[in-house]
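*Asks:* This is what each chain is made of:
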Amino acid sequence: MSAEFMASLIHFLGMMLLIASFWILVSSQIGACIRAYATHSFLLALITAVVAWSQHIEHLIIPALLTLALKTIVIPHVFFRIIRRLGIRKEVESYINIPFSLLLAVLLVFISFYATGEGRFLKPAAFGEFIPLAISTVFFGMLMMTTRKKAISQVLGLLLIENGLFLMAITMTFGMPLLVEMGIFFDVLIAVMIMGLFVFKIRDAFEGIDADDMTVLKG
Amino acid sequence: MELFFYAQVLLHCLGGGAGFLFDQQSESANRATHFLAVAAGAAGVVFSLAILLTGKPWIFELQGSLPVGPLRFVIDPFSAFFVLTISFLSFAASLFAVGYTREYQRKKNIALLGFFYHIFILAMLAVVTVQNAFYFLFFWELMSLASYFLVVFEHEKPEARSAGTLYLIMTHIGTAFIAAAFLLLYVHSGSFSFDAFRFAAATLSPAVKNAVFLAALIGFGTKAGVIPLHIWLPQAHPQAPSHVSALMSGVMIKTAIYAFLRFLFGFLGEPFAWWGHVVLALAILSTLLGILYALMENDLKRLLAFSSIENIGIILLGIGMALVFRVFHQPFNGGFALMAALFHVINHAAFKGLLFLGTGSVLHSAHTRQIENLGGLIRKMPWTAVCFLTGAMAISALPPLNGFVSEWLTFMALLLGFHGAGAGMPFFSPVLASLLGLAGALAATCFIKVFGISFLGKPRSEHAVQAREVSGSMKLGMGILAVSCLGLSLAAPQALKILAKIAGTLAGTDIPVETVTQRIFLISPLNSSLFSPLAVALVLLALLAVIMALPRIIFGKKLVRTGPSWDCGMPALSSRMQYTATGFSKPLRRIFSFLYQPTRRVELEDEGHEMLRTAQRFEARITHPVDEWVYRPLAALVSELSQKAKRIQTGHIQLYLSYIFITLILLLLFLGGHSS
Chain A
1 MSAEFMASLI HFLGMMLLIA SFWILVSSQI GACIRAYATH SFLLALITAV VAWSQHIEHL
61 IIPALLTLAL KTIVIPHVFF RIIRRLGIRK EVESYINIPF SLLLAVLLVF ISFYATGEGR
121 FLKPAAFGEF IPLAISTVFF GMLMMTTRKK AISQVLGLLL IENGLFLMAI TMTFGMPLLV
181 EMGIFFDVLI AVMIMGLFVF KIRDAFEGID ADDMTVLKG
Chain B
1 MELFFYAQVL LHCLGGGAGF LFDQQSESAN RATHFLAVAA GAAGVVFSLA ILLTGKPWIF
61 ELQGSLPVGP LRFVIDPFSA FFVLTISFLS FAASLFAVGY TREYQRKKNI ALLGFFYHIF
121 ILAMLAVVTV QNAFYFLFFW ELMSLASYFL VVFEHEKPEA RSAGTLYLIM THIGTAFIAA
181 AFLLLYVHSG SFSFDAFRFA AATLSPAVKN AVFLAALIGF GTKAGVIPLH IWLPQAHPQA
241 PSHVSALMSG VMIKTAIYAF LRFLFGFLGE PFAWWGHVVL ALAILSTLLG ILYALMENDL
301 KRLLAFSSIE NIGIILLGIG MALVFRVFHQ PFNGGFALMA ALFHVINHAA FKGLLFLGTG
361 SVLHSAHTRQ IENLGGLIRK MPWTAVCFLT GAMAISALPP LNGFVSEWLT FMALLLGFHG
421 AGAGMPFFSP VLASLLGLAG ALAATCFIKV FGISFLGKPR SEHAVQAREV SGSMKLGMGI
481 LAVSCLGLSL AAPQALKILA KIAGTLAGTD IPVETVTQRI FLISPLNSSL FSPLAVALVL
541 LALLAVIMAL PRIIFGKKLV RTGPSWDCGM PALSSRMQYT ATGFSKPLRR IFSFLYQPTR
601 RVELEDEGHE MLRTAQRFEA RITHPVDEWV YRPLAALVSE LSQKAKRIQT GHIQLYLSYI
661 FITLILLLLF LGGHSS
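Top line first, the protein sequences correspond to chains A and B. Under my numbering, the first sequence has 135 at position 135, and the numbering climbs by one with no breaks. Under my numbering, the second sequence has 436 at position 436, and the numbering climbs by one with no breaks.
The following block holds chain B by itself, in its conformation from the complex (with noise of 0.2 angstroms):
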């Protein structure tokens, strides 16, 4: 078993250097270092798929010579449930990679571009599986720079540059924030070490427990991308090559849930009531705010960052509604809530992840994120279309696909609120449920626009008539995952078994597998209602058989006719007569203007009548409120205390001798002062 754990590691070290034997822009490095990749994920699976299925944790110790105590990995099922999620994506996005990396040969240096993905997967992995925090902060780093200099892989371009900044500025920030956690629980338990952490969580005092649960919040919520924290996410998702996007959006904000969750659950002891309150208004803002900005973006690597912001709320719902429950002691429903939000990090590690790979699809061979220059695409990209759909389907929570499963689960912890959770509970979780159902709906909204503008109707652009089918590497990739969009759910009973026992060892309580899950049905806490993905999806197909071959009964052959559509009598209906990205998403534009503030511009132009129009331009733009009220100011305090600091820097190298020389002699002064 742990031969499949050596074997991952080696092959994404083997793998980092294998592109630069080669020419490094050949398709040679290309092949070496994704197929390794592809192999490294693989063999994670087949290991972490192991440890959860025997529930037995996996130990690996090296003993350094490191004042801050051993490097030691533990992978217990909770770790492997994410080292499966982390491997079985690198396993599908490097087989896409193989077939997109192609558009960068003979320009770009892949076997630059493989090292850091590799790096950036073996850091990933690191993080969710180290049990010392020295080591943690060290791959942490290692992860977010490798992920940096992804991101700003195609540095010719400026907005790849910005974005690379606000990426490293933000993570930085992050960082800071989750030392000071680690610092504070140090400073505390006097060790590095996880399980020192564990074992000095309960006579942590308040007022520490309330600052370390603060940092982390930042720290991680930084990196999760939880509104307002969120602003670099979709700035730099979008400009990291498709595949590496999906692993970012998928699961590198993952891991900060993991993260996090090792702090509530583990070093943090008893929490305290607030702590759930303030996740979860986090979480449900992050849901409403990324899926409402998702329905404005036209750009699709943009759209999909900003539903990334509103999955990990969705995620965050039920982490918060575990902590709810934990401190009222209902530990079985926290367990409950747990396990849907862990349910929701693999699966929407698979259905983002398919639809990142599909965006890249489509950008491979039409060459444009913009939907609005998209169109048609069906028809020339007919196993994309299918792939694309079923992700779109799966992350709009529609049944029979994953994402309804743990959505479904989601709903019910949020619905558990009413029994004992304490005083505004009963009140707010409905409330809460009610607006999820909602963020559910808006994101329905949203995927039928990506897929409707881009996918059906007419090409909208040269380039949109030019897309060809992708290769078959990178069919292959977003195959896989589709599949696995149907696998997990109608696999859900068997997974919640696995989850049940990770998030009974998480709560600190026993689930037995017979009160969530009884063969194909799962179940909710209370046995409030009953849900089986199996029968549904038979029921689904049944009807669309139905649906399919009932027409073909009732009017037998004559069913389908080929014909011109109706012009209103104007010939030459042109592909610019369609529906736009922009106008489908006006009415909710309109309803939620108190948000949005949209403004208009129409600049007219013509020669000396109105009748006589030569040009129109129209220009809509919408606000992003936490930007402009939070960080613009920042921005600008920052820059101009900047420019005040700015004034001690004078370039005399005699000055700045002296600011050494001077706080030299005020230390001696300080220290003889003081000891005599």
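One chain only, chain A, in its complex shape (with noise of 0.2 angstroms):
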């Protein structure tokens, strides 16, 4: 195959991340949001295989491999299962509604292309377009870590960073060394795992998973 036919697939496969990032923002289901989450995941597992294919490094197909299992099938399973144990509302509930969210999305696209677009001052290794791309999926998910109400959302939103940060990883030194990708993936899987069992000792101890409730602790 064409190194054309090659970049306008990677072009095609970052558009629908950055549409996947705004599926994940605008879903007002819990529900939804995983599912979102999960084909994000699924979409950064192609692109890494096709950035393996296609600069011949194969190493990388390991972690692809490994988003594929982790991120799109095991994390939002463990999501639904730990929704179905807390048996909380399906809504998303958030301080800002969902149409503003979208502007300040927008808005935080045109900030990171404006910032990090062209390789302006972060040099990749190739594809340069995805640099703003994993910029953004960043500031998507602390977008959601800051309105979100729900703990549960403050986990998706560290979930997407992380996707954001590897997506970063990927193009600028076509992956960290095998060990680290490794230790990545272990440190994600046990983060959820300690993070679910904080949402649950939080419902325990504020009965109830909105973050809010922790203004009590204040000194």
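No lab work stands behind these hints, which were simulated from the structure alone.
So these bits of chain A aren't anywhere near chain B, every CB distance computed over 12 angstroms:
#, residue
1, S2
2, M6
3, A49
4, E58
5, H59
6, T72
7, G183
If the Cβ cut is set under 8 angstroms, some of the chain A residues that face chain B in the computed set are:
#, residue
8, I111
9, Y114
10, A115
11, T116
12, M142
13, M145
14, T146
15, T147
16, T215
Computed beta-carbon distance windows for the label pairs:
#, chain 1, residue 1, chain 2, residue 2, range
17, A, A205, B, V638, 29 to 37 angstroms
18, B, S658, A, P99, 14 to 22 angstroms
19, A, T173, B, E156, 53 to 61 angstroms
20, B, Y659, A, P99, 18 to 26 angstroms
21, B, D195, A, L165, 40 to 48 angstroms
22, B, P70, A, M6, 46 to 54 angstroms
23, A, D204, B, L637, 38 to 46 angstroms
24, A, T173, B, G266, 40 to 48 angstroms
25, A, Q55, B, A176, 47 to 55 angstroms
26, B, L214, A, Q55, 53 to 61 angstroms
27, A, T173, B, Y104, 54 to 62 angstroms
28, A, D204, B, R468, 56 to 64 angstroms
29, A, I96, B, L666, 18 to 26 angstroms
Ideal placement from N, C-alpha and C gives every residue a C-beta, glycine not left out.
Combine the two chains into a complex, taking the hints into account.
*Replies:* If you want it as structure tokens, here you go:
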């Protein structure tokens, strides 16, 4: 296959990834949110695989497979189980409404393209267009963490940030050494487990997982 | 020779852990940890004396993988002098601690006390020997933290906790300035090693030089307790166990003097005249205010802490003169001033250590530090009384003890300012010398009060009645220091020979030994005066013998008659009719009332008529201007700003996240805007 085809494929996947990010942000149901996250991770795995293939970096296949297994299957599964166990309401509760967060998200994409587009100060190994994409994914994750009320959305936001950083690592350096990648995947998995545990504990302590309740901890 | 150095370090490391092998509150833990400290101190004394006598520096280097350079210790005679001071005092204090720590048995964790005690001593030793700014700061911080934990050892007392917090805040402010000074030098020289600093000293620009000087002055001044940076010292030193107070006042504040000297006479090249003047001004301020506040204190340990401020002032007077002489290219006079300062360093360590240990003995057996509750201890604790009196005489600069020798040297150094020390000094040097004389007189008054009220007269409280002489190890610890107070004076000519070498190296000249000391005499420069501690001691001894013998010869055996005191016809004299410490210091409170701003309150209670008085309360206070006018407004300001800053602390996790978020976006925009 020609390099041109590869380039357009990567472009296409990048656009899909951005759309998936938006999808996470606009979903009003927790379930949809998690599914969107699974899609996002799936696209990430695809991008990694394509990068691995087109640049002939075989070891990147392993992170791609791990992304597929962990972030697309295991973690969403864990989330669904937490929701079931907690029996929480399915709606996403937010400080700002969805159209407004969409507006903010568009603004954030502009900012990331303005600040990091065209390889301004970050010099990627290849696929420079992914840098602003990765940055905007990180921004979306942060936006989610700051505007959502429930602790579970914060965890999802953190995972989204992680996805953004992963994308950055792939395109900046064609991935980190395999050992480091494995370590990161393991960390993410453990983090999800621990945060899941915390969500349960928060519910037990505050009779709800509304992070607002934590203001009573203030001195 | 280096074997003793390794032994010292190893013994301190072992000693730090030794207590944990036993029951942590037991006598065995106490013995293990403190006897190892005694052995380590002895090894350090041997090692440092060997270096001082041979004059050959010893170098120890560990190649590390850190990018800041190797961990390099150089024990040159200057460092060895401080190692000697630290080791000697820790030797005596640890011996004392064996008996003193029994008080904590079954109540406190002695193993932990020993752990921090050993770390504290080890860190001080490292501070005065390490040759790299990065490691210096590390050990400096270690020393501060270990001493913090020792200050709050009796953490069940609220005053110990608050003193500890104040100490921690002040010492970190100081460390920040020290770090700034070192970083400025690092930027200039490109390396953390002291050798590089010295090498690059000649090319420092005046602005950087001044900045480094000021940062070092503030940083080390805080540790040394120079007024107005002293506020932590009278709070923190009294709270630590007494043998630790002895080390803190005796040697810890001297590590700041050590480092300050390294800066002034190594890293900063040629000084400016105003540096010397600033140091002299702060020195005389500390000397006078320190002793004036000591005079008004009735808490033994706080009094001693204030007197430490005074003595740091005396040391700085010597250093200030040395700076002034350096500016006007009089290295010989400068070296002489440095000798005075260095000699006072070790002398103060000896007598202040002794006084703190003596106070520890009093506290140990009478369970109070308030002078007003003591009295009559000389009959119950004769050993302690004799040792304490020796220390009190030494600190009051009475011959033939060591305090007199170094103050005499400081006087001579100050009076040298007449000749070629720049404009103003011919006027200021006699003024400073007479103010130093005033401080000496006030110190004598202060310690007459302490000794007279605490040890003489009748017991003023049940505690004082119950007091008993302390155990052998405590007596020995004090005795060693008391003998050293006399010994340092009698051996002053030998000491000056060693100090002449050190001071000569620092001042960048060769001080011929025969110009400062000949046989038993000490000679001031220009041959203006001569002094021999040994001769003075012999004359005093002879006078004492005559005074003791004469009445016996004249009156024969009917010399001593014992009878009741004259009670003005009113029977039942009680101990409350004695002179009090507050009463004793009253005349000075009146003379210096512009400074003390004393306030008094008398409360009377009666049953309807003034003749039917039931109770009478009297309260007298003095104000501490630095606390009132500098630190109180500062504390209020900080607390107000914190209240304002508290508003952004809502407790909403989302808000905290958005702070990070917004910062990140702004930084990205800034970077993106820059690079395009």
